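*Asks:* The sequence shown: position 116 = 116 (the numbering used here), numbered continuously.
Calculated directly from the structure, the hints in this document are not laboratory data. Every value quoted in this text rests on a predicted model; they were computed, and no experiment measured them. The C-beta atom is built at its ideal place from N, Cα and C for all residues, glycine as well. A hint or two may mislead.
Unchecked claim - Label pairs and their in silico Cβ distance ranges:
hint	residue 1	residue 2	range
1	LEU68	GLN162	18 to 24 Å
2	ASN146	TYR6	34 to 40 Å
3	ILE120	THR3	33 to 39 Å
4	ILE163	GLU47	42 to 48 Å
5	GLN41	LEU129	19 to 25 Å
6	LYS44	ILE163	38 to 44 Å
7	LYS160	ILE120	16 to 22 Å
8	ASN51	ASN144	18 to 24 Å
9	VAL150	PRO12	29 to 35 Å
10	LYS116	VAL150	16 to 22 Å
11	GLN36	ASN144	16 to 22 Å
Unchecked claim - Listed below are the simulated DSSO-like cross-link pairs for lysine-lysine, each with C-alpha atoms no more than 27 Å apart in a straight line:
hint	residue 1	residue 2
12	LYS7	LYS116
13	LYS132	LYS116
14	LYS19	LYS131
15	LYS151	LYS19
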Amino acid sequence: MSTDFYKTYILPYSAIIIKICRAYSNSQEDYEDYYQEVCLQIWKSRENFENKSEWSTWVYRISLNVCLSLLRKQKKYKDTNSFEESYNEFSNQSDSAEAVKDYTIDIAKLYDIIKKLPEIDRGIILLYLEKKSYKEIAEIMGTNSNSIGVKITRIKNRIKKQING
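Let the sequences and hints guide you as you build the complete structure.
*Replies:* Shown next as structure tokens:
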């Protein structure tokens with residue numbers, strides 16, 4: 001992968017990749033592996049991009065697909081850590097510690113709840129939190145926009161119940 005490609009097509013969208021990789025990984029090591037694999041897959045599939053959507057939509061879709069694929073593969077071979085262990089591991093890492101400090105307790109609690117959602121629901125709510133339209137979410141997730149609205153309402157209700165105890 002060339003430095004120019006990375007600077008032009010990955011770095012400006014790194015926040016997207018980071019959020020998705022963090023939501024699906026269970027440790028700092030997994031996060032780094034996921035991030036690297038997403039970047040590699042974006043580079044490998046760059047010629048398949050048909051300009052039918054925004055580049056950011058393409059990045060979301062690849063990021064989600066790669067993370068889901070890696071998560072499924074990981075589940076086949078080993079047990080995953082609990083969120084608490086992962087959160088502590090992220091907090092103890094030097095480069096992650098700065099990012100963790102930027103989050104408020106409420107954000108950490110929200111991500112804790114999101115982490116416990118089923119894999120597909122995690123992707124949907126992350127896209128919703130990024131203020132993507134139902135149409136964009138449906139396109140990224142490979143479904144229709146009518147069902148996205150219903151799913152988002154159900155996910156939000158589950159999250160509200162968790163927050164309120």
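*Asks:* Could you tell me which of the numbered hints above are not met by this structure, giving the numbers in increasing order?
*Replies:* Hints 11, 12 not satisfied by this model.
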